[in-house]
Amino acid sequence: MGHDVDIRDWYISRFKDFENSLNGESLKPIHMLRKEAIEGFAKLNFPTTRDEEWRFTNISPILRFNFKPSLKIKKITKSTVEKFLFKELNCHLLVFINGHFAKEFSRTNNLPKGVVAGNINREISNGSELVGRHLGKYANHKEQIFTALSTAFTKDGAFIYVPDDKIIEEPIHILFITDTNGEQLLTQPRNLYIAGKNSQVTILEHYASVNEGLYFTNVVTEVVAGENSIVDHIKLQEESVKSFHISRTEIDQERSSNFASHSISLGGEITRNDFNSRFNGQGGECTLNGLYLLNGNQLYDTHTMIDHANPYCNSHEHYKGILDGQSRGVFNGKIMVRRDAQKTNAFQENNNIILSSDALVNTKPQLEIFADDVKCSHGATIGQLDADSMFYLKARGIGEEKARTILIHAFASDVVRTVKIEALRNYFEKILNDRFNK
Amino acid sequence: MSTEVNQIEELANKEYKYGFVSDIEAESFPSGLDEDIIRQLSEIKKEPEFMLEWRLKAYKHWLTMEEPNWANIKYPPIDYQAISYYSAPKKKPAKKNLDEVDPELLRTYEKLGISLEEQKVLSGVAVDAVFDSVSVATTFKSKLAELGIIFCSMSDAIQNHPELVKKYLGSVVPYTDNFFATLNSAVFSDGSFVYIPKGVRCPMELSTYFRINAANTGQFERTLIIADEGAYVSYLEGCTAPMRDENQLHAAVVELVALDNAQIKYSTVQNWYPGDKNGIGGIYNFVTKRGACRGVNSKISWTQVETGSAITWKYPSCLLIGDNSIGEFYSVAVTNNFQQADTGTKMIHMGKNTRSTIISKGISAGKSNNSYRGQVKIIKRADNARNFSQCDSLLIGDKCGAHTFPYLDINNPSAQIEHEATTSKIGEDQIFYLNQRGISTEDAIGMIVNGYCKEVFKELPMEFAVEAQKLLSVSLEGSVG
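Line by line, the protein sequences give chains A and V.
Numbered by the working numbering, the letters in the first sequence go through residues 1 to 438 in order.
Numbered by the working numbering, the letters in the second sequence go through residues 1 to 481 in order.
Since the hints were derived computationally from the structure, they do not count as laboratory data.
If you're wondering where the values come from, they're calculated on a predicted model, not measured in any experiment.
Treat the hints with care, as some may be off.
Calculated pairs, DSBU-like style, for lysine-lysine (alpha carbon to alpha carbon, straight line, at most 35 Å) [claimed, not checked]:
1) A:Lys375 x V:Lys198
2) V:Lys277 x V:Lys458
3) A:Lys334 x V:Lys167
4) V:Lys458 x A:Lys343
5) V:Lys74 x A:Lys242
6) A:Lys166 x A:Lys68
7) A:Lys430 x V:Lys425
8) V:Lys166 x A:Lys375
9) A:Lys334 x V:Lys198
10) V:Lys277 x A:Lys394
11) A:Lys28 x A:Lys75
12) A:Lys394 x V:Lys380
13) V:Lys399 x V:Lys380
14) A:Lys142 x V:Lys399
15) V:Lys346 x V:Lys74
16) A:Lys72 x A:Lys35
17) V:Lys74 x A:Lys402
18) V:Lys143 x A:Lys334
19) V:Lys74 x A:Lys375
20) A:Lys375 x V:Lys46
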């Protein structure tokens with residue numbers, strides 16, 4: 001316990017350095033929010049496994065290190081950045097290195113008129129009214145200690161604004177590269193995506209690391225899906241397997257909006273993803289899909305909460321995990337149907353395949369329902385590759401290894417094939433091949 | 001919609017059918033709890049030294065514990081010093097047959113429709129009736145004794161079979177287990193004890209009727225059932241309670257032990273006073289039930305129909321220790337008005353090739369809240385474990401809530417786990433279909449609800465299935481049909 005307090009004090013002491021690095025920017029109204037958050041942070045405790053929301057995820061390894069908030073960008077070469085790009089993919093590109101915007105590598109000149117895609121720091125400096133209106137409004141920093149930490153150190157991150165009736169056809173690829181160079185860094189991207197009425201946008205959030213370093217990424221993303229908008233969100237997490245990744249995505253859905261998220265998680269020693277969506281109007285549609293491939297001593301934890309606060313909304317959730325080594329998968333999906341949210345359809349599914357005898361799955365699909373005219377279901381399965389299917393393939397002359405790969409592909413395809421971008425689908429297929437075609 | 005509202009109102013206005021107080025002199029302790037009370041209790045019951053020590057250990061441990069608050073239920077704080085921890089019907093010399101039993105007591109049972117004679121003659125059920133806290137009459141005892149079966153009150157067992165009690169009491173639910181189980185360990189008044197010797201198949205369904213009678217007396221029942229190697233027993237437990245305005249605490253503990261190849265089937269129909277339509281009064285039912293499948297090929301099956309109590313907090317569980325052992329849980333939980341139920345099960349797979357099945361059906365009406373909370377845990381060495389869980393919720397009316405909190409903790413790759421849950425209301429198309437065939441809406445809803453619960457009802461022994469359906473009609477049919 002004493003150690004947790006030390007670590008908290010460590011981050012509080014870092015806040016001073018951070019303030020000094022802001023160079024007069026600390027006069028902006030956003031700084032009030034930062035100060036409020038750090039004060040709140042001082043009062044909160046780091047969660048332990050005694051907290052229901054963190055019951056299976058022991059974060060004490062994260063608290064063992066004094067991570068240094070990353071205050072400046074690091075120079076890396078163009079070829080390093082290119083390693084992480086998808087060649088077949090035509091897209092707009094935003095690159096962040098160690099949490100800071102790298103303008104020279106970014107490519108946003110092709111965007112339709114009125115669309116803003118850039119870094120949030122610039123918007124803050126320009127005193128953007130949109131940022132003032134939305135930043136910190138959806139991710140609660142008063143109760144969540146990691147959100148408080150992020151809010152206190154709000155500096156940079158992606159900012160996307162799509163005005164009403166605009167459609168961005170090519171996806172926006174946001175690449176977060178960490179290059180620690182031996183330092184134990186804390187990077188805290190703070191993202192805000194705003195989609196106006198009848199707009200459409202596809203956003204790929206991509207986390208990657210130059211080397212297998214030890215660092216801590218703490219992300220907070222806020223998404224506002226305006227009336228009748230379509231927002232496709234893909235999160236690809238390929239951090240170093242020694243790193244820690246804690247992320248919180250808060251989605252605010254207006255009437256008839258359609259939000260879809262696909263979260264593919266491969267890296268990180270401890271990863272925690274929170275996806276929370278709230279329907280503010282009727283007729284909304286929310287899809288949360290995920291695939292996690294774990295090995296070694298990785299721990300991956302997804303917490304989702306879909307708040308059906310209004311009637312006539314649909315939600316679909318499908319998370320799939322393939323666990324090997326001594327890895328651990330945690331899933332906690334919550335569907336809340338509030339009073340009067342009639343005609344709700346909510347479906348949730350979590351399937352896991354355990355490939356080794358030391359892997360562990362903790363899953364808790366949860367329904368809380370206060371309205372009667374609803375259709376809700378959840379399901380969870382945990383098992384190994386089906387022996388009958390295996391036999392079927394082997395009987396047709398397919399070897400053990402190949403059969404295994406086929407079955408794993410089939411298992412993962414439920415999530416992979418729902419990704420709308422072909423280049424990414426191919427990439428995920430390749431990852432599956434590389435992983436399981438030994 | 002409006003007919004449904006009317007039906008709910010109709011039910012809400014229905015008086016609790018089994019609410020009455022029978023006028024029997026009761027010997028009660030003053031309210032309050034301290035070591036002296038426990039000593040006194042143990043002395044009255046002429047318990048051997050080891051029991052007193054055990055009670056005191058539990059009491060000391062209880063003082064260090066905090067009341068749990070994780071369940072999805074709300075209630076005003078309980079003042080444990082305001083409860084009287086012992087109440088017994090006035091003692092009379094030992095009875096050999098029913099004629100010697102207090103006629104007032106017998107009349108009470110008759111009002112409940114559970115006439116001892118009738119049970120005895122017609123259904124062949126041996127009834128160990130627990131009235132308040134002390135066993136009053138035990139029937140068929142001699143017949144069971146011929147087979148070596150011990151079926152008696154816990155107090156008798158402590159005096160006559162201390163070696164069995166010492167060996168098994170607290171072996172499944174240790175006195176340190178949880179707040180309410182620890183309290184029970186310290187102050188339990190009586191309960192039932194069953195021992196089935198090796199290779200014996202108990203020829204009849206054993207049953208006990210619990211009733212809470214004296215005002216302000218918490219009931220702390222302790223039940224222990226042991227099925228030795230190759231034995232089989234089916235045990236029934238049913239409850240009704242008189243109408244009361246104050247909340248009464250009931251913190252029972254049930255322990256089951258199944259050795260090699262043994263089978264225990266434990267069925268419950270619970271219909272305690274649920275409080276009135278404004279949520280005033282009713283029983284707090286905080287029960288710890290757990291069975292240990294200790295031996296290979298052993299099987300424990302829990303079936304419960306929960307319609308009563310203001311608050312139900314109960315998770316009948318199975319520890320599947322022996323290889324090839326089987327755990328089952330079948331439950332129908334009905335809540336209405338302001339009732340709250342947080343119930344479910346735990347299946348802990350520890351042996352190889354263990355299997356478990358969970359079927360839970362929740363029905364919420366009125367302003368009630370009904371939660372399923374369950375855990376399926378497969379430990380690392382439990383190879384080839386298999387679990388199937390299904391928890392369905394049915395909502396009647398738009399002011400009630402249904403919740404599911406299933407935990408699946410799997411640490412073995414050969415495990416096969418399936419969990420399904422659905423929530424829905426009775427479909428208008430289903431009712432329309434039945435209406436078309438000349439079935440009135442009331443009957444249609446009744447049919448649908450009965451069909452919905454059928455999977456659980458079919459697990460009940462014959463004697464109980466009738467009562468369960470009666471109870472369902474009392475608690476629910478007013479609201480739906």
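These are the hints, each one checked on the structure:
About 50 Å separates the Cα atoms of A:Lys375 and V:Lys198, which puts this hinted pair outside 35 Å; it is violated. The straight-line distance between the Cα atoms of V:Lys277 and V:Lys458 is roughly 31 Å, inside the 35 Å bound, and the hint therefore holds. Between A:Lys334 and V:Lys167, the direct Cα distance comes to roughly 43 Å. Violation of the 35 Å bound is thereby established for this hinted pair. Under the criterion of a C-alpha separation no larger than 35 Å, the hint pairing V:Lys458 with A:Lys343 is consistent with the structure, at around 33 Å.
Between V:Lys74 and A:Lys242 the CA atoms are separated by roughly 44 Å; this puts the pair beyond 35 Å, and the hint is violated. In summary, the hint linking A:Lys166 to A:Lys68 is not supported, as the alpha carbons are separated by about 40 Å, beyond the 35 Å threshold. Between A:Lys430 and V:Lys425, the direct Cα distance comes to roughly 45 Å. Violation of the 35 Å bound is thereby established for this hinted pair. Distance restraint check for V:Lys166 and A:Lys375: the Cα-Cα separation of roughly 51 Å exceeds the 35 Å cut-off, and the hinted pair is therefore not satisfied.
With a C-alpha separation of about 48 Å, the suggested pair A:Lys334 and V:Lys198 falls outside the 35 Å cut-off, and the hint is violated. Simply put, V:Lys277 and A:Lys394 have alpha-carbon atoms about 64 Å apart, too far for the 35 Å limit, and the pair is violated. Our distance criterion of 35 Å between C-alpha atoms is met by A:Lys28 and A:Lys75, whose separation comes to about 28 Å. Between the alpha carbons of A:Lys394 and V:Lys380 the distance comes to roughly 29 Å, so the proposed pair stays at or under 35 Å and holds.
In summary, the hint linking V:Lys399 to V:Lys380 is not supported, as the alpha carbons are separated by about 43 Å, beyond the 35 Å threshold. A threshold of 35 Å between alpha carbons decides the hint, and for A:Lys142 with V:Lys399 the separation of about 31 Å falls inside it, so the pair holds. Our distance criterion of 35 Å between C-alpha atoms is met by V:Lys346 and V:Lys74, whose separation comes to about 22 Å. Among the hinted pairs, A:Lys72 with A:Lys35 is consistent with the structure: their alpha-carbon atoms are about 21 Å apart, no more than 35 Å.
Under the criterion of a C-alpha separation no larger than 35 Å, the hint pairing V:Lys74 with A:Lys402 is inconsistent with the structure, at around 55 Å. Restraint check for V:Lys143 and A:Lys334: the C-alpha separation of about 54 Å exceeds 35 Å, so the hint is violated. Taking the CA atoms of V:Lys74 and A:Lys375, the gap is near 27 Å; set against the 35 Å cutoff, the hint holds. Restraint check for A:Lys375 and V:Lys46: not satisfied, since their Cα atoms lie roughly 58 Å apart, outside the 35 Å limit.
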